[in-house]
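Each chain, letter by letter, is given below.
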Amino acid sequence: MNVDELVRDALREQAAAQAPTAAGLADRVLAVRRRRRTRRLVAAAAATVAVVAVAVAVPLLDSGKEDVRPAHVVDRTGIRAQPDQSPPRDLISADGTTLAAYYIPRTVEQSSGKAASVRAYWLLDQRTGRYVKAPQWSYVAVAPGMKTAAVLEQQLPAPRIGLLDLANGKVERWIPVDHGVAGLSFSRDGRKLVATSYGENPDLRVKMEGSEGYDAPQQSTRTGFYVLDVASGKGSWSEVGLDGDPNDPMGGGFINSRQDFALSDDGRHVWCGNPMGDIGKQFYDLTGREVAVPAKDKHLQWYVDAGKSPSGRLVAGDFAGEKWKTSSWVLDARTGRRTEVRGQQLLAWVGEKSLVAWDITPGSNEFHNRLVLVTIGSDKVVPLSGFRKGNDGAAGRWEPVFAQP
Amino acid sequence: MNAEGLEGFRDFVDSRSSALLKTAVLLCGGDQHAAEDLLQNALVKAAGRWQRIDEPEAYVRRILYRQQVSRWRLKWPRQEVSVAEPPEAGVAGADAAAAAELRLVMREALSRLTARQRTVLVLRYFEDLPEADVARLLGCSVGTVRSTTHRSLARLRALAPELDALGPADTERLSSRDYSPVEVRP
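Going line by line, the protein sequences match chains A and B. Using my numbering, you'd call the opening residue of the first sequence number 1 and step up by one each time. Using my numbering, you'd call the opening residue of the second sequence number 1 and step up by one each time.
For the record, the hints were derived by calculation from the structure and aren't laboratory data.
Just a few of them, taken from the derived set where beta-carbon distance is under 10 Å, the chain B residues facing chain A:
| id | residue |
| --- | --- |
| 1 | Phe9 |
| 2 | Asp11 |
| 3 | Phe12 |
| 4 | Ser18 |
| 5 | Leu21 |
| 6 | Ala24 |
| 7 | Glu36 |
| 8 | Leu39 |
| 9 | Leu43 |
| 10 | Gln51 |
| 11 | Arg103 |
| 12 | Tyr125 |
| 13 | Leu156 |
| 14 | Ala169 |
Far from chain A by the CB rule (all over 12 Å, computed), these chain B residues:
| id | residue |
| --- | --- |
| 15 | Glu57 |
| 16 | Thr114 |
| 17 | Asp133 |
| 18 | Val142 |
| 19 | Gly143 |
Don't be surprised by glycine CBs; every beta carbon is placed ideally from N, CA and C.
In isolation and in its complexed conformation, chain A is listed as follows (with noise of 0.2 Å):
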């Protein structure tokens, strides 16, 4: 016998031991697909930094020139809800953790086999209750507390970053940057802003070759991040270089066209997604410098966005499925215990026992959902909006920007 032989016959039984799939999986990878759609992957790397000092462009407004914190505009006890609307019209809210905003995403064709995906933005008029168009505005990110927003105008990648009085709906202020950004998260107490550039518009679709549709492009053009002080101005810009093999189309492909940044709960470190890493995620200290996963962040999943509750005691976790058709994993930080909760997709953080999530109706379109109020321990779903039509991805779909109290 030859080696060769031995191989081919090694690998033949070791195939013919393995056992079937299990039941219900294409309905598992449809619903994987559901929570990576507009989050993908991601490779990370090696980070040097260069520090920008960035200047304060306009001068601040009387009001709240070191305050970036929340005016607490909106009540922070009761539930507002608006079963019968969809997208919203007006206020929702529940204990304070409010739907500050949403947008509805649509791709813009530019040029024969370029497109975009673009946001169009809703912003609640705190004065109002009522959510307004803003045109002019293609990424939002809000402060906790609804008293601050950081946007992003219309070309992506940006060359400044707004500071928005949500209150007035005016620009108190534009930070320059040298690195164009298309991301911007808020620390936990608002007074740090994460901005994540690229060399390119994240959001850019093309046409690969015998497709109908867009598709986001294979290769990412994510170039590092900022982490700025919201009150000064002031930060640096790290550089995160992407990995992976630029020249193979599909080996370097599992890398996402935006995978933005963010903090983590604590203000030391920042995060990303790495769907194609062992742990789905990579930490870096607030320089660029890989660092490994903290321990109390080890269950977090960068595709829920609920994240971590206000104490950082739990963690929204993935989709179960068990004792409920749809329902949710809420993990302990810590010791990674495992709660089932009630909703098909965790969103935000109601204080530490409740969480705004979408759902469905059991026996409707898995894509129809609502927004709705679950409680852990508590087989209570309480419904905040009307239900989302059309399937993923069709026009008109609204996605919700939540901000705590």
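Guided by the hints, dock chain B onto chain A, whose structure is given.
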């Protein structure tokens, strides 16, 4: 994906996923969890463009192979399949028990190859693909396939000395000038 597409996708997964999982398990050197992840990732990718794929199985297989190879390329350390004990020496005898033991030795040795080495062997000897097809699937040159095959077999022999009793494969008879040491990508 419309309702028709969803139905087609479910049918495909129901009918073909077990066969695809076999390949994934071989590519992952017997690591069941890694294989399930690999297959799930490939299916998620296929679902994303389901209605534009003409040959779903070929498409998913290509993703499996390339994804596995690209995992090898990524900078971060991957979870390697750990084998507590080195492959035990078997007897390369002709009887069935000895042959079965030799296959186990081989399986353990295969699990200790790099993902790339294993992928090339799975394509050549499990899928029975010619070198040119393997090269096309992995996006490398025929010379690279040949050299990787050669080195993989040599590595297997190094991992399991009891394989020395076996005769050389065709590819092992090639002179060293017949394979290119540097990978060429299109």
